[in-house]
Structures are given as C-alpha cells and as structure tokens.
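So the sequence lines, in the order shown, correspond to chains A and B.
Note that the numbering used here has the first sequence beginning at 1, numbered continuously upward.
Note that the numbering used here has the second sequence beginning at 195, numbered continuously upward.
Worth flagging that the hints you see were computed from the coordinates, not collected in a lab.
Treat the hints loosely; a few may be bogus.
Derived CB-CB ranges, DEER-like [unchecked claim]: (1) Val188(A) - Pro751(B): 49 to 59 Å; (2) Pro148(A) - Arg595(B): 54 to 64 Å; (3) Leu142(A) - Thr253(B): 49 to 59 Å; (4) Ala176(A) - Leu632(B): 47 to 57 Å; (5) Leu637(B) - Gly111(A): 52 to 62 Å; (6) Arg499(B) - Glu153(A): 53 to 63 Å; (7) Pro857(B) - Pro138(A): 20 to 30 Å.
Away from chain B, derived, C-beta distances all over 10 Å, residues of chain A [claimed, not checked]: (8) Ala52; (9) Arg57; (10) Trp81; (11) Ala83; (12) Gly86; (13) Glu88; (14) Arg97; (15) Ala128; (16) Glu129; (17) Pro140; (18) Pro149; (19) Pro178.
The beta-carbon is built from N, C-alpha and C at its ideal position, and this holds for glycine as well.
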Amino acid sequence: MIAVSNDLPSADASVPAGPDWDEAFLRVESYLRAHQLESRVLLNRLATAIIAEARERARGNPAAAPVALAMGVTHERIGAWFARAGREGDQASERVRAADRLALVLADLPGRWPNCFLAGEAVPHEAAEALASATREPGPELRFSNMPPATLEFGFDAAGQPDPSNRGGRFLARAAGPWLAVILLLGVVWAASH
Amino acid sequence: MNLVRFDPASLDATEVARRRHRLVTLVLLIAGPAVLVMADLHRRTGYDGWKAVHLALFTVLFSLIALGAAQSLIGFFIRRRGGDPCRITASLGPDDTEHIVSARTAVVMPICNEEVGRVIEGLRVMYRSVQRTGKLADCDFFLLSDSTDPNRWIEEEAAWLALTRQLGAEGRIFYRKRRGGINKKAGNLADFCRRWGRHYVYMVVLDADSLMSGDAIVRLAQLMERNPRVGIIQGVPVLVNGETILARLQQFASRLYGPVSAAGLNYWQLGEANYWGHNAIIRLAPFIAHCSLPELPGEGAFGGRIMSHDYVEAALMRRAGWEVWLATDLDGNYEECPANVIEFAQRDRRWLQGNLQHARLVGAKGFHAVNRVHFALGILAYVASPLWLAFLIVSAVIAWRFGAPGVALAPVESFAGYAQWSYRTQAVLLFLFTFALLFLPKLIALLDLRARRQEVAAFGGWGDLVGGVFLETLVFTLLAPVLMLYHTAFIALTIARRKISWGTQRRGGESALGETIAAHWAHTAVGAVGWMTVTRIDATLAFWMAPILAGLICSVPLSYFTGSLPLGRALRREGLFKTPEESRPLPELLELAAALAARRPGPPPHPVLAENYGLLQAVIDPFVNAVHVSLLRAKDEQPVASEERFVGLRATLLREGPEALTPRDRMALLMDLDSMNALHHALWSSPAAELAGWWRLALQHYNVIAPVPETAFTPRGGEGHIVSGPTTS
C-alpha cells in the first residue's frame, strides 16, 4: 500500500467555485476514478490541485471551457507520472496515452499498487518495472500463407468419359455385383409369387 | 481388449470395400422385403399414379431407416467383440503416449456473438487441463472473433485480457477480431490459417460451446503424429450441461445411442470419414494447400459461397489424398446442445441451407465416392422431411380414394396366395415393421449396455434407463412432425431465397411463451386441419396418424414445457435422463460448472445505455478504451475523405448520441483506432452542454457523488445535485 503524500496542495482560496468549475472538478475526479483510484482523499487532493492549476491557465485563456482546461492539466499530470515511471513517448499523442493506460491494465497497477498512480512520491521500483515490461502480443508473428481456393469441376470429361482418377466409379463398379444379386433375388421372389 | 496396434496405412482396400458392401447389402436385405410387401399391398387394390408415388417415397424413406438400423446393428456386434480393430484410436499403443512428442498445435475457437462468460470459462478450463498434461508448451490458444454485436466484441476483449492475466497466459492465449466476417466460420478459420497457420503443425478446431480435456487434445495430436497420412481426425463429442428438458433429452439420447451408432459409422467410413466442423484436429499444411473453399458457380440457394464448410473440407482433404478418421472413443470431448425447440430449429435452418447447397457437389469431379455419400446423406437428412410429409399426404389421398363410393378391394390375395394375409393385416404388419426398425437402434443400445454394468449404474440403473428411453421416445415422436414441418418450410424458403424471422430468445435458453406461440401456431393449425380431414376420410387412418397430428396440435405446450429450465432441473434432481457425465463427471466438467456458478455478473447497465453499452465502455472507460485500441490495426495515413467522414461521425456521436448513427457507422468508428482515441479524449474534455444526453447519463457511472438522499426537505422531484449535467429521460 502506498501512503498518500502530504505534499499535495490542499484546498484553498485559489480554487474557484461556480457551476462550470464544479463540473470541471467532478469531471477530473470521475476520470481519475475511472483509472480505479478509489482513495477519496487522494482523489479529492488531486482534483483540487488540478482545478487550481486549470484556474491559473483560465486567466490567460478565459474563453476556454473549464472542463477542457482541467482535463488538459489532468493529461499532463498523468503524462508526467508515466515519465517518472520510466515510460517514454510524446504524451501529446493519443496513441501514447492509450499505450500508457494499457500498461496500467497489464501491470495490474490498481490491484497491486493501489493509490500509487499519480501519488506525489516516486514510483516504486517494482511498479515501474512492471509498467516497463507490460506489453501485449496481438498474436504470434505474422507468417502469411497462400491459401488458394480449391478448384471444382462439375460433370464428366470433355470426351464424355468418366474421370479415371475418380475412385468413386471403381468403388461403385465393385459394389454393383452383390447389390444387384440382392435386387435380383427380390425380383425372383416377386415373379414367383405373382 | 485388442492390444494389436492398428496401422491405417496397412488397411487392406479389399477389407474397406468388403465392409461397405456388407452395409449396403444389409440395407438392401432389410429394405427390400419391406418394399416388396408394400408393392404387393398396392397391387391388391390396383396400381395408379398415387400408389406409384407412394411406393417410391416408401422405398426412399424406408431405406434411410434401414441404413440407421443397419449401422446400429453393425455397431452393436463390433462393440460386443471388444471394439473395432480398425479404429484410429487403436493406432496408439499403451507406451506411445509417453514416447510421441506432440508438435506445435493451435487450439482455435471461432466465436460470433456467443455468450462471453461461457466462452471464456470453457477456454480457461481447457487451458488448465492442457497445463496439467505438461504439454502446454506445444499449444497456443486462439479466440477468433467474428462478433458483429459491439457489446459482445468489447466484452470479449476485456474478458480475454482478464483471462490471460489471471492465468499468466500472455503470449499463449490470443484474441483476434476480424474486420469483416467474410465467409463466416470457414472464412474465420481460413484467415487464421493465412496469418498464423505456418507456425503450427496441427489445429484443434472448437466451437464456442465445445469443451475438451487436455488429455483429449494431446491424444489427438499424438494420433496425428502416429499417422502421417491422416489429415483430419474428428472426435465424437458427448452432449453435456443440458438444463432444459429438451437439452437433457438430447444428451441422454446421444449418450445412450451414440456409441453404438458411432461404431457403426466407423465400420464403413474408415479413412473416408466426415468432418463436423468442431472438436476435431486438422493437419494444417494440407488443409492450407487444398481446403480453401471456392465459390460455387451460379446464384441462388445453390450457388455462391459454400455455407456448410465442414463436409466440403473433408472431401477436399480426401481428394488430395489425406485420410479423414472418426475417433469414436476419445474421452473428454464435449459440446452443448440447443435448449429448446426454437433454438433447435434455428440451428437446423443453418445446417439445412448449407447441406442443400451440397447438391451441387455430389457430382463434382474428383471426390471420393464416400464423400459423395456424405453429401447425399446430409441432404437427405433434411429432404426426408418433405418426403415424409408427401408420404403422409399421399397415404391420406389413397385412403380417401379407397373409401370412395364405387371403389372396391380387388380380389387379389397377398403374394398370390403364398401369404394368407388380409389386406388390413398386411398393412398393419408393414406399419409395425417400420416402427420396429425405427426403434431398433434404441433397443440395440440397451442391449449393448447389458455387458457394461458400470455404465448402467452411471445412467441411474435399468429403471431410469428404460424409463428415460420411453419418455425420450414419446417426446421425440411428438416433436418429429413439428420438425418435419419446420424442415419443409425451410427448404421452400431456401429455394425461394426468403428469410425467416425468429423471436429473440431468452438468455439461458428458456422458452418464452409469446415466442413459442408465435413459432408454433401454424403447426397447431396444420395439426387441427389434418385431424379434421383424416377423421372424415377414415377412422383407422386417423388412429394411425394420431401421434403425428397430436404432436402438431400440442406443439405450443410441447415446445414450451420441453424448453423449461425449472422442469429440466427438477428432472435432474429426480435423476431422470441422467448420463454418465453427470454421475461421474470428469474434472473439466466440474471445473466449468463451478466457474460458471461462481460468475457474478455486475449490475445491468441503465436501460437507456444497454443497447450501446459496448460502445460506451470503449469510448469512456480509460482501460477498456486502451485495450480496445491496442487490438486495432494502426494505419499510418488515412485518406482525406475517410478522415473527414470519421470527423463527422465522431461529432455526431458525441453531440447526438449513438442512436443518431447507423449500426454500420458505429462499427466503423469502433474499428478506427484514431477515432477511438479521439472520442475518448473529446468526451472527457467536453463540457456537458456539448454532449448528448445519452453521454451525460453515461458519465454519471463514473461519478463519485451520490444523489442527495430524498427527505421532506428535498426539492420536489427528489433529484440529486448535479453531477455532470442534466440526465436524459
């Protein structure tokens, strides 16, 4: 269990209030919770800190929606945490972010190191190693085979003769004798009794 | 027990031919006299067109019954002698299982919108079972999804990843979703073969409801190693896990009659056996080289893509010189069966369409004669239904004409006096002979058990066995005419290229009354009209047709109650229709039952969200989204027009909700990696006011604020405080 760091900023007067910022706060908190962060204390502190930073940015960009600003800060913090964990890549790229989230799943970070994700202190060595080795193979290496459709021919040869390679014909020819004998026998019974 | 190891390569062609001649001769000896008696019966009243047709129909249908009876008779005598020495499983000696090293084997499970929990737990059980054999290093497992339901698709991905994590099976169990489901299951397997087939020597093909023990999988691989001329070995799966009455009846009947019948099949099929599409092992190199399905020329029901692939693949494999064998006594090989009559009919509809198409292949060049017989018997299995219906109608017409004024019995004695039978006696004798032949396989199966005391005990003893056979016979006798009408309608619809609509079935397979009535009202009506007609024609005819017409008239209650879960479970508690797999289940069956019982599904999603819950999760949930996009193919560059289309679709999805898009557009988004990334980002970064109500409701699932408790001081309406915006209705 990772102890929640005390160096996170606490709620203060710089944290704005109002419906838009309430929504932004809730969105950040929900997003972090969706990463299976269940500590209410940690969630609250992280969301508070993120909203405070987003508020700072809002001063320079008043037209931006608080939700968008707050989520931008959230992504930056997540990216910084992954960088501390030793994962490389351009965090502005959605593909890199998705790969990082996949690493969280594969390493089972929420299960094995609860409250580690985004906590202020250094990423535990084992967790960083687990994240680094968290790769998923979509399948064995591709080794393509050509699989041409089988050819089907219908009917007899052009010469009108049955195909000599067709063993079915030979089988039927061999079988015909005893079967004809049975049918003949039945015919004899019929003829004799009618 | 025969301790001499069987070598299929040394199988004498004369012996093969002799066995087949014996079977056909036996069929002729059974059917011939009956046809003779029927011909004589008609002669006594004078021949006409109706009677000629009647005799022709009787000949075909009676021959089919005779074939089943002959196979059972042969199977019975084979088993009494300690089993067939010419069976593929006898090619492994007691020491071979230790010495033969299995080659690389892929265990593949094609799935398409199946219940994910059952699929995953089945795979888990098989993986562990192979692990226990110590041969896990030789096996890789593949879930090959063709699911078209986004909810199923997303559920499969998450469940697969969870499974690999739980088993530590990364790089051992793989998941692949095809972008397009071209050529259905055959195309799904062909896609696997093209991508990864060269990694493996063998491929064990499963169905979504298959279950095979590790021993069975390893044994199949060892059998292939031992017999290098064999291309396919088809196991004979035992039906298990049935809970409704119908499912329990099927598994009881197949378990009781199956071994004798399978022994009879192996007697004449030998190295030209059939492939049933699952629970089989395939040698990949010849399969890749020779068994890719071509399209049939022409259009309509008999042209285009081959729908029923298995028979054709077996025929192609045999045409290329590889043997196909039936492993009749492979333990630890299971599958499940339809739970109710409607599911049964739905499955038959699929099989029927495919089998009818094989009519084109019966005469195709190069196939082995036995493969042609497989095609023909597969077609006749369904065409027999309209033939039976025609036979019944012609019988009624003949009876009506016989009773019409002015028509009298011709003064001709049976067999010109050699047999002193009255007309009625001769008819009854023929009828009884037909019934005796129909029930002969059941009697033979009971006789076969006489020397197997442990097996009898595992069925619950002789009392339960005989009672079970009686009830099973009664129920299937009543159901037979229902299936006859279904098959007849399916054939007509297939030829007319029309589709049939089915009601949605309840989970767990239990029948719903409304759907049952909708599915069977026409059968009831046909039965009622038939009853009124035959009672007017002749009371005796009505008596003989009573079981058929009773089945039709009672089809609604019959279908409903045989599809009942509570009744099925009650019968199981009473020990009725018990099978050895229930009395002494293998560990794999117990494991699967325990795993399925332990599964606790989460709370159902909000009804408004349920229909597109897979899309919801793939967009919103950071983990589900990450897993999903990791399984999508990355494209370096997207055509501008395509990118513009996706931008528009994404905007519509977020602003108007999934209902604003067509299912095809939703699937297109789900398959586009960049769109899924962009949607995840945009959804979480957009103010609620810019999102559709559907998404606002979806986001609430991730909120940590609970609604305000409702008290006397709560504002009217009792809504909790805002979460991420107003909810949808």
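Quick rundown of the hints versus the structure:
Evaluation of the 49 to 59 Å hint for Val188(A) and Pro751(B) yields a pass: the beta carbon distance comes to about 52 Å. At roughly 58 Å, the beta-carbon separation of Pro148(A) and Arg595(B) lies within the given 54 to 64 Å, and the hint holds. Checked against the given bound of 49 to 59 Å, the beta carbons of Leu142(A) and Thr253(B), roughly 55 Å apart, stay inside it. Remark: the range hint 47 to 57 Å for Ala176(A) to Leu632(B) is contradicted by a beta-carbon distance near 29 Å.
Checking the proposed 52 to 62 Å range against Leu637(B) and Gly111(A) shows it holds: the Cβ atoms sit about 59 Å from each other. Take Arg499(B) and Glu153(A): their Cβ atoms lie about 18 Å apart, and the range 53 to 63 Å is violated. Taken as a hint, the range 20 to 30 Å holds for the pair Pro857(B) and Pro138(A), whose Cβ atoms sit roughly 25 Å apart. The claim that Ala52(A) is not at the interface with chain B holds, since no C-beta of that chain comes within 10 Å of its own (minimum 18 Å).
Here Arg57(A) stays apart from chain B, with its beta-carbon at least about 14 Å from theirs, past the 10 Å limit. Chain B leaves Trp81(A) outside its interface by the beta-carbon criterion, the shortest separation being 14 Å against a cut-off of 10 Å. No Cβ of chain B approaches the Cβ of Ala83(A) within 10 Å, the least distance being about 18 Å, so the stated non-interface status holds. The Cβ of Gly86(A) lies farther than 10 Å from every Cβ of chain B, with a closest approach of about 18 Å, so its non-interface assignment holds.
Its beta-carbon lying about 17 Å from the closest one in chain B, Glu88(A) satisfies the requirement of being farther than 10 Å from that chain. The claim that Arg97(A) lies off the interface is violated: its Cβ sits roughly 8 Å from the closest Cβ of chain B, which falls inside the 10 Å cut-off. The Cβ of Ala128(A) lies farther than 10 Å from every Cβ of chain B, with a closest approach of about 18 Å, so its non-interface assignment holds. The Cβ of Glu129(A) lies farther than 10 Å from every Cβ of chain B, with a closest approach of about 15 Å, so its non-interface assignment holds.
Against chain B, the non-interface label of Pro140(A) is violated: not every CB pair exceeds 10 Å, the least being about 5 Å. For Pro149(A), the non-interface assignment is contradicted: its Cβ lies about 4 Å from the closest Cβ of chain B, within the 10 Å cut-off. A beta-carbon of chain B is positioned within 10 Å of the beta-carbon of Pro178(A); the least distance is around 6 Å.
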